[in-house]
Each structure stands twice: as structure tokens, then as C-alpha cells.
Amino acid sequence: MAARVWASLATILAITMTLALAHRLEAQTRERRASEFTLSNGMQVVVVPDHRAPVVTHMVWYRVGAADEPPGVSGVAHFLEHLMFKSTEKLASGEFSRIVSRMGGQDNAFTSQDATAYFQRIAKDRLAKVMEMEADRMVNLRLTEAEVLTEREVILEERRSRVENNPQAVLDEQMNAVLYYSHPYGIPVIGWEHEIARLTREDALNFYKRHYAPNNAILVVTGDVTPEEVRRLAEDIYGRIPPNPEIKPRKRPMEPEQRAARRVEIKDPRAGKPSIQRYYVTPSYVTAEPGEAEALDLLMKITGSGATSRLYQKLVAKDKVASTAGGWYGGSSMDFGKIAVYAVPADGVSLSEVEAAIDAVLADIVANGVTEAELQRAKKSYLAEYIYESDNQATLARRYGWGLVVGRTVEDIESWPERISKVTREDIQKVAARYFDPRRSVTGTLLPVPPEGVEQTRTSAPNGRS
Amino acid sequence: MAARLLGSSGFVSAPRTLFALATALLVGLGATNPTSAFAMKIQTVKSPGGIEAWLVEEHSVPLIAMRFAFEGGNSQDPPGKEGVANFLTAMLDEGAGELTAIEFQERMEEIAMRMGFEDSRDSFYGSFETLTENLDEAVELLRLAINKPRFDPDAMERIRGQLLTSLAFAAKDPDRVAAREWFAAAFPNHPYGRPAAGTEESLAAITREDLEAYRKRVFAKDTLKIAVVGDIDAQTLGKVLDRVFGELPEKADLVPIPFVEPKKGGDLQIIEMPVPQSVATFGLAGIPRKDPDFIPAFVMNHILGGGGFSSRLMEEVREKRGLAYSVYSYLQPYQHTAIFAGGVATKNEEIGQSLEVIRAELQRMATEGPTPEELENAKSYLIGSYPLRFDTNAKIANQLLGIMQDGLGQDYIEKRNSLIEAVTLEDVKRAAKRILETDNLIMTVVGQPKNLKVRS
Numbered sequence: 001m002a003a004r005v006w007a008s009l010a011t012i013l014a015i016t017m018t019l020a021l022a023h024r025l026e027a028q029t030r031e032r033r034a035s036e037f038t039l040s041n042g043m044q045v046v047v048v049p050d051h052r053a054p055v056v057t058h059m060v061w062y063r064v065g066a067a068d069e070p071p072g073v074s075g076v077a078h079f080l081e082h083l084m085f086k087s088t089e090k091l092a093s094g095e096f097s098r099i100v101s102r103m104g105g106q107d108n109a110f111t112s113q114d115a116t117a118y119f120q121r122i123a124k125d126r127l128a129k130v131m132e133m134e135a136d137r138m139v140n141l142r143l144t145e146a147e148v149l150t151e152r153e154v155i156l157e158e159r160r161s162r163v164e165n166n167p168q169a170v171l172d173e174q175m176n177a178v179l180y181y182s183h184p185y186g187i188p189v190i191g192w193e194h195e196i197a198r199l200t201r202e203d204a205l206n207f208y209k210r211h212y213a214p215n216n217a218i219l220v221v222t223g224d225v226t227p228e229e230v231r232r233l234a235e236d237i238y239g240r241i242p243p244n245p246e247i248k249p250r251k252r253p254m255e256p257e258q259r260a261a262r263r264v265e266i267k268d269p270r271a272g273k274p275s276i277q278r279y280y281v282t283p284s285y286v287t288a289e290p291g292e293a294e295a296l297d298l299l300m301k302i303t304g305s306g307a308t309s310r311l312y313q314k315l316v317a318k319d320k321v322a323s324t325a326g327g328w329y330g331g332s333s334m335d336f337g338k339i340a341v342y343a344v345p346a347d348g349v350s351l352s353e354v355e356a357a358i359d360a361v362l363a364d365i366v367a368n369g370v371t372e373a374e375l376q377r378a379k380k381s382y383l384a385e386y387i388y389e390s391d392n393q394a395t396l397a398r399r400y401g402w403g404l405v406v407g408r409t410v411e412d413i414e415s416w417p418e419r420i421s422k423v424t425r426e427d428i429q430k431v432a433a434r435y436f437d438p439r440r441s442v443t444g445t446l447l448p449v450p451p452e453g454v455e456q457t458r459t460s461a462p463n464g465r466s
Numbered sequence: 467m468a469a470r471l472l473g474s475s476g477f478v479s480a481p482r483t484l485f486a487l488a489t490a491l492l493v494g495l496g497a498t499n500p501t502s503a504f505a506m507k508i509q510t511v512k513s514p515g516g517i518e519a520w521l522v523e524e525h526s527v528p529l530i531a532m533r534f535a536f537e538g539g540n541s542q543d544p545p546g547k548e549g550v551a552n553f554l555t556a557m558l559d560e561g562a563g564e565l566t567a568i569e570f571q572e573r574m575e576e577i578a579m580r581m582g583f584e585d586s587r588d589s590f591y592g593s594f595e596t597l598t599e600n601l602d603e604a605v606e607l608l609r610l611a612i613n614k615p616r617f618d619p620d621a622m623e624r625i626r627g628q629l630l631t632s633l634a635f636a637a638k639d640p641d642r643v644a645a646r647e648w649f650a651a652a653f654p655n656h657p658y659g660r661p662a663a664g665t666e667e668s669l670a671a672i673t674r675e676d677l678e679a680y681r682k683r684v685f686a687k688d689t690l691k692i693a694v695v696g697d698i699d700a701q702t703l704g705k706v707l708d709r710v711f712g713e714l715p716e717k718a719d720l721v722p723i724p725f726v727e728p729k730k731g732g733d734l735q736i737i738e739m740p741v742p743q744s745v746a747t748f749g750l751a752g753i754p755r756k757d758p759d760f761i762p763a764f765v766m767n768h769i770l771g772g773g774g775f776s777s778r779l780m781e782e783v784r785e786k787r788g789l790a791y792s793v794y795s796y797l798q799p800y801q802h803t804a805i806f807a808g809g810v811a812t813k814n815e816e817i818g819q820s821l822e823v824i825r826a827e828l829q830r831m832a833t834e835g836p837t838p839e840e841l842e843n844a845k846s847y848l849i850g851s852y853p854l855r856f857d858t859n860a861k862i863a864n865q866l867l868g869i870m871q872d873g874l875g876q877d878y879i880e881k882r883n884s885l886i887e888a889v890t891l892e893d894v895k896r897a898a899k900r901i902l903e904t905d906n907l908i909m910t911v912v913g914q915p916k917n918l919k920v921r922s
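Chains as they are written, first to last, in the numbering used here: chain G, 1 to 466; chain C, 467 to 922.
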């Protein structure tokens, strides 16, 4: 009896602490809240001041990614991202990065299914200069045949590094291809090798002209600036670029109802150990019903994140059937999210035993839910993560950029901690029951044995050099 | 948001690589304020018990970050017990004091603290972050982890299983194999040549007593360096220091490690692995941190292969020839040696060409040095990019710890940019000539390289 009273008292204390944390956090975010405005040409701007060091992070996000590529030219979004560092009407090939470097700055870029983003980290008094160069390559990219062909080789090497040299990455790619019947998320961001090998200057420039414009871009500046300064500079520099009236909201082929569990098996002697993983298609923060994505985040924190998680505790610590196990939810994409679970069996344990053990953990959560203590721990963990991330202006820039580029609002992004605090055990059990559904899943296994009756996988690009 | 051991969804590709690596290697050199544009005040805090730390107070975010290091690292692993230091890094939060592994981990989550340990060749590192409001309990958990780890048999076997699994994956990872084999070739019969994460045999042989013995020998006040940044004042920090580190022995009991030069005379080793792309590591002797030519050499490396997209290796191998996605070099002074090394990955058919281009670029730098323009650009980057290393609490703490470990003193922060500024063309040429003796180049290639010329 006494223990019981104590338990509920502990729970109340835990809840109080979480709320207290949320309040302090709110005070914190109020202080650093992003300012948002739109330029006359439609370019969206977000500014998050942080005056601790005299540096800024300057990012331009385009609302276009690999999932927006026309059929047959997979990889062109990423290819174009590389080519954006080549020549424009004003700058010679490679000059962009050289100038940034001379100014003591660092620059880079990345491509995902939904976004392409370019960024520089630099002393604040150089902000206008990087804005000018970024504005220049938004519309003045030139590209010569030679630089395009050389860069295609670089990307084929990148694909070898990231995918072909790594059986786990090959499995991931195959699983995604099978996970989506219709939606382009099934095609890898870097592109299929045979299609990369045929990409042309024209493919890249067509994609560029169609998608790169101020009214399809978001400017995010974090660091030692004020919103007024950024507004003045942005109007003056980016504001001069006329909008492209052809830009339309994105529309991709959507998934039919998924009705069959799928399986993928890869046998590859290069795998160090056997392993199993499973993906489930879920909604993302953009497409989920209110509260669902937050519940999924918490569900997977409890199910699969770290040493206290259900999967680790049951499979690794207690039953010792796996040497590692875990899972996660990725909800930041535009059209779908994804749940993943994985495990590496302990020596002498079969993949099917481990798979059964994973299924038992998931079934238990569906049947019995999670405990209040687990939920409170998971919430605190997320809220604290949010504060830790606020220590870093580059991370802040990405937080806002990722959200806005898929159509979320600043308000939505900043109220995330509050919404996480509101999720209940019932919410979590509900999304577990709904999304731990085998019919929405693909299960992949990787075995460190030679493939049977198959010629060695062809790994070099056909016609890779011209 | 979540730790991802296997696979990765939402694939994001960053074509402009290697800044992280370059930045990590700059610790110690790269800590200064060129223009005093921001007022970072470093205090030396001495606890009532006599433990010293450097502190930068930063009260605008309710966070505290601490980084600390003991001398020793995995070069202190006893022979036959390779991997002890690495094993220990994974065991300190697996139960301590009265708390079992799961209880300890749950407490850490409940107060949302972050704690991690890492071993390098020369040091055993700790990192600790907490929200100010949870400081007291977070400090208690850190104290327990360092002073009272339990090493319960159950937790030990579980972690051993994980370490063996990660060793099995590493054995098939061409990058990891290339690095390991390069060190084995460069430092035969020296602790630096041994596998830092151990072998199947050595991991199997490690006992609770081995972990405890390592902890008692290495965790000591005389080699301890501590940097703290965040929402804490000197007096509070003094108490924290005594609580966490006050019980440690005064003196470490380290096995002396002899100074060693990487093997001379050059070498090319090929390790067969069925991958389409060969991964190569190359390197030779570098220059010690205290050598007057270190800073000129550092500037030289930036121009040659350390400066990302503006480097010569990147220009020649990637931009002009499309031979690789990533190619880089770095200068790493260890405590008992110094190396200049680098890496590249190219499809099997053309890896030979990549390595020839790299060798030629090293030779060209050794004989001609950089152009005046290259030198100016490099200095301009190195000086101007300095504040980028100081924009988060955790980064500042890392920088301070690096300066402490290099024995450079707080005034180094004021001097650093003038040292870079003072580097002349002659200095860089001299340093290049000293280091880049390509006849001594050791190359390790993992893959199925074609047309690779083995030099006698």
C-alpha cells in the first residue's frame, strides 16, 4: 500500500517537474523566438538571433528534393546541388567556396527527399557578401559540359562510398524501394546508379530552371543578427530577383492502401554479422492527425531509443537474444514518416528467434501500452534535447529550415515541446496499435554468406566514363 | 532525433565533406580571438581541495558543459588486453554505487543529463552536460561513474557482446580496416600499432580486475585537465570539482611509452576485400606540437589537403579528375609521435591513379611550396574562421581542453592568430620539405585495386 502511494506521488512529482521544465523552456524560446517575414518576391525569411559569438549561419532552403524529380533522372536534385558550386556568370568554377574560405567561412550543402539546402557559417560582417553570392547562383548558374561530366564521376564515387561499399546501405535502399508502391520516397536520394551515369547538363539545368527561384526558397539566418538587419539586407539582395510564376505547390503520387507485409533478404559475405530490420510506413508531422506524430515520437523513444528502451532491455539485457536492438521514428518528411526497428542476434541465436522477440515486444505495447514512468522519462528527454539543441545556432537553423520547407509553420515548430508534454499513455497505445501493422511494413535481413546462384553484383557504372 | 545503428532513413547527402575531421584536428591550434570581437573571459578555478579547471561563465542558456581528460588513453592497455580503455568507456555508466545499470541509466534520463566517455591513443576523455536545475544530481551520477563503477558480471558480458559485434562490423568496413592496418604498419612493436578497440581474443580475456586496474592507474589528479563552460559560477564549480574528482589518487601510475617515428622506407600494403571502391590511407612522420615548425606545417597542410574545397588534393583529385568524392590530409601530433596522414576512396580500376596524383602533389609541395596567393588565402581562412569554433558551450569547452592538453596556457589564445599571421613562404617551404619525404610514404589500400604499382 505504502509503495503504491509512493509510486503515485512520484508520478505527480514527475509530471510537475515536466511542466516546470516546459514553462522554463517556453520562457527560453520566447526569448529566442524566430522572427518571420516574406519578401516582396515571395521569398520566406526566418531569423533567430543568438548573440553569444559574432558569427552567423546563413541557409537557403529550396522546396525541392529528390522526391520531386521527373521519372528516369533519379539523383538529379543531388547532382544539381553539387553543380551549384561550379560556374555562374560572375564566378568561375569552385570560386564560391574559395571566396567563402578566404573570408574565414565554411560552406556546404545537402539534399534530402524534400529539400535542398545551402549554407555558410561565417563572421557576421560577411553576411551581405554570402547573400550576394547565394542570390547570384539562385538564377545565374552557367555550367560547362566538362565540369558536369567530371562531377558525375564524383557522384558515382560518392555512391560507391555511401552505398556500394556498405551492405547495410544496400539493404536500406532495397527496403525503401519495396516499402513504397507508388511514392517516390522509394527511390534513393543519391539516385540509382544506372540513371546517375546518364545524367546530363541539360537534366540539371532543366531542374534548376524549374525549381530554383525566390518564391520557392526559404532564407534562414541564425546568430549574431537582428531581424531588422536581415530584412534590410535580404530585401536589397534577394528581393531584386523576380519570382517565377510557374512555381506550383508540390504534388507527388501517393500510396494506395498497403495490404501485404513484404520481405527482403540480402546475402553478402561483407556483412559482419547477421541483422534484421523492419520499416513501417506512417504519417509524418505534416500528414499526421493532430498529436499522432508526437505520440509516435514518444512511442519509439520508449520502444527503441537507448539502453532503457523496451527492445534493448528485453532482447539485450534480459533475454540475451541480441547483442544490440533498438528503433526510431522519423517524422520530418513531407508525405510519410517511418518507424524502424532493428536487432543484431547474439551468437547462436537465429534471425527468426530475434524477429519473434521483436514482435513480442511490439505486441506487448499494443496490448498493454507503456507505463507512466516511461512516458515521463521520454518527455523529459525530448524537452531537454530541445534545450541542448538551442545551444547551437547551426542546429537551430536546421530546425526551422526542415520544418518550413515541408510546409510547417514557425508556430508549429515552436509549440512542439508543449504538444509533446500533452501526449498521454492512451495516445501512445493508439498509435502503436495503428502503425505496428505488418501490412504497412517491409522486413529486411542481411546474412554474411555468399549469395546463391547469382553472379557477383555488378558494381561499376555501365558507360561510367565517356 | 534517434540513435541509428543500422541503416538510415531520410538519407541526406553532404557533398562538401570533412570539415568535422579538420575541425577536430585543429583543437589546440585553433583557439583564439583575432579581433577580441567577443569577450570570452576564462577563469582558472581552484577548488578547496586543490583541483584546477578552466571556466567560462555563460548564463544565457541554462546549461553546463564539462570536458575533462586523463593522460594515458588506449596506449596504456596492457599487452594481450588491447581494448581495455575502450571497454571501460562503455562500462562507467553501466551501474555505479548502489545503482544497477538500468537504474543508473533511468536516473540519467530522468534528469536529462548527458555523459559520455571516449578513449584516444593518449587520453581518456569524459564529457558531461546538464541543465542547471539538475546540476546536483547530475554531478552525483558523474561522481559515481568515475569513482564507484560496479562492473557487474551481467553488464560486463552484455557490453562485451556489443564490443565484439562492433568489432565484427569494423572488420568488414574498409575505412576502419585501412586505418587499423596503416597504424599497424607504421608502428610495429609499439602501443600505437596495436588495435585500439582490441581483438576477439583480447576482448575475451578482459576481466573486471583489468577494468578496475586501468581505472586506478589512469584516473588520477596529476594528469587531469578540466574545462567547464556554462551557467555556473566559480564557487559552485569548486565544490563540484571536489565532489567528482576529490577522491582520486594524487598520481597516475602510467607505463612509460617510448617516442617513436613511423616506419621509414615506404610501404604499400594491399588488403583484399570484395568492394567496388578501394579505400586508401597514406601517411608518414609529421611534426611535434612543440616544434617551432608546427604552425608553418599546419598552414602547409591546410593548403595541401586540410582545407576542404580549397585544398590542392581536392582540386587535383576531385575537381579536375573526378577520381574521388573525398580526399584529405591532416597533421596529427600525438604525445609519443607525430604523423602527417590522409585518405582517399576511388573505384578499384582507378585507385592507382588517385594515389599517383596524391604522391605527385606531396612532392610538388615539398619541392616548390605554396604560391604566395595560396599562403595568403590559407592564413585568411585560418584566422577568420576562428570564432566558428566558439559558438556553443560544448565547442568552447572542447577548445579549452585542447589548449590545456597541449600545455599552451591561456595566453596562447591571445597569441595564436599572430603566430599564424607571422608564417612566411619560406617557413611553409621549410616545413613541407621536412615532412613530405614521399619515399617514406606508407600506403594501405583496402579493396580490389587494379593497376596498382607496388614501389620497391
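One or more hints might be untrue.
[Stated by the list, open to error] Per label pair, the in silico range of CB-to-CB distance:
| # | chain 1 | residue 1 | chain 2 | residue 2 | range |
| --- | --- | --- | --- | --- | --- |
| 1 | C | E572 | G | M254 | 33 to 43 Å |
| 2 | G | D437 | C | A826 | 52 to 62 Å |
| 3 | C | Q819 | G | E389 | 35 to 45 Å |
| 4 | C | Q876 | G | E389 | 41 to 51 Å |
Quick caveat, the hints were computed from the structure, so don't treat them as lab data.
Just so it is clear, CB atoms sit at the ideal spot from N, CA and C, and this is done for glycine as well.
Tested hints:
Taking 33 to 43 Å as the suggested C-beta distance range, the pair C/E572 and G/M254 conforms, at roughly 41 Å. Taking the beta carbon of each, G/D437 and C/A826 are about 58 Å apart, inside 52 to 62 Å as hinted. In this structure, C/Q819 and G/E389 meet the distance hint of 35 to 45 Å, their C-beta atoms being roughly 43 Å apart. Judged by the Cβ atoms, the range 41 to 51 Å given for C/Q876 and G/E389 is violated: they are separated by roughly 30 Å.
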